[in-house]
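A.B. asks: Per the working numbering, the sequence shown starts with residue 8, numbered consecutively.
If you're looking for bench data, these hints aren't it; they were derived computationally from the structure.
Treat the hints with caution; some may be incorrect.
Below, simulated DSBU-like cross-link-like pairs (lysine-lysine); rule was C-alpha separation at most 30 Å, straight line [unchecked claim]:
#, residue 1, residue 2
1, K256, K403
2, K318, K298
3, K318, K159
4, K372, K404
5, K298, K256
6, K33, K159
7, K404, K385
8, K372, K385
9, K218, K159
10, K199, K403
11, K44, K33
12, K256, K181
13, K372, K232
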Amino acid sequence: MLLLALIPSVILFSCDRLFKYLAVNKGGYFILDSVWKFAWSANRGIALGISLPGGVILILVVGVLILLVVIGYRLAAKRRWLAVFCLSLIIAGGLSNLIDRLTLGYVIDYWVISWPIYGLSFNLADVLVVIGMITLVTGAKGSKENSLSDQKIMAVNHQTYETVAPAFARTRQKPLWEEVAGWQSELKPGNKILDLGCGSGRFLRLLINQKIDYVGVDNCGALLKTAENYVESQRSTISNFLPQIQFVKAQMYQLPLAPESFDKVFLIASLHHLPPSYQKLAMQEVWRVLKPGGRAYLANFNLWKLSLRDKTVWRYLLARRRGVAQSRLPQSKSFWRGSEVWTFWQGHPLYYYAFTGRSLQALAKAAGFQICQMRWMKAGQKQPWWRANNLVAILKK
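Please construct the entire structure, taking both the sequences and the accompanying hints into account.
C.D. replies: Structure follows, in structure tokens:
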């Protein structure tokens, strides 16, 4: 994805170098009669033919570079693709003009506009720098709104789960994936575990033979009620093994739980329902409630799988391309969020974040975790990313 963001800049840089060659060797004709001419012009000032003293130019260049670094850093935290695209435009334009200054002592301009009051000359490199800077600044400004947008995403997901809870719980009677079921072997008698995004208690059903303390957290009251009903129906069996079972209605990123109180934390098909800003908060909470040396177990859907039948980025993009249910699909404020997917569950919108191995690794490391294992998996077997169903990880505090 990031490499694709660089391709336009490489092409446009090449075009600018070609135009400069043509202007010097073959230029000299009007594009728009008496107003816009393609002709060679030596620019010893800054962009757009503006002349300024050398000291002023140096101050402006240094100031702009500092500003770009600050803005690019802020934008990259939210929209890395856009930040790379904008900065590559600026670098491509700046590099092309820098080559001229170093080899010729001036910049070759080839578009000359003659107005009755004021005329100016510029080139494609100038245009790249201006467009890159404007997009970078407006993109960074838009990123301030993402927290509000993320709040709306959270509200939509919560409403959907509250609405479809009974039907959703019925679809979660099947055993969990083999790669998750195998995590039972990691548990030890007396462990206190936290199941974040526990839903209707699907993971709990794997633990009835474990002598552990269990806390399940979910923000959907209807799903928690289903989990509680299951526990009551199995009380005689479960009580012989699980010494304590507790359910808590709370957000994953705001846990009313004591620090360093859990040996293991499980996030099974739950973290991918959080937008990026809330993912960071949730992982900080996981770090906070884990004991030193404790482990976190993550399983997220692989939405990058090469499939148009499963829930994938490709299916979502194709639906948008065709306009399928376009009016009903919630839209993120930023077009650049290529890792965000919306689906419908019984006609109700549901948000997913499409983790890559790199993005999940960065999220874990930012929270302070050591990565013990990270794999693309299908039916308990390691697979390449384009075939796997899930991205699973084991982290250590």
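A.B. asks: If a hint holds in the structure, say so; if it does not, say that too.
C.D. replies: Tested hints:
no.	hint	in the structure
1	K256 x K403	holds (26 Å)
2	K318 x K298	violated (35 Å)
3	K318 x K159	holds (22 Å)
4	K372 x K404	holds (10 Å)
5	K298 x K256	holds (22 Å)
6	K33 x K159	violated (57 Å)
7	K404 x K385	holds (26 Å)
8	K372 x K385	holds (25 Å)
9	K218 x K159	violated (40 Å)
10	K199 x K403	holds (16 Å)
11	K44 x K33	holds (13 Å)
12	K256 x K181	holds (24 Å)
13	K372 x K232	violated (35 Å)
In summary, the structure is inconsistent with hints 2, 6, 9 and 13 from the numbered list given earlier, while agreeing with the others.
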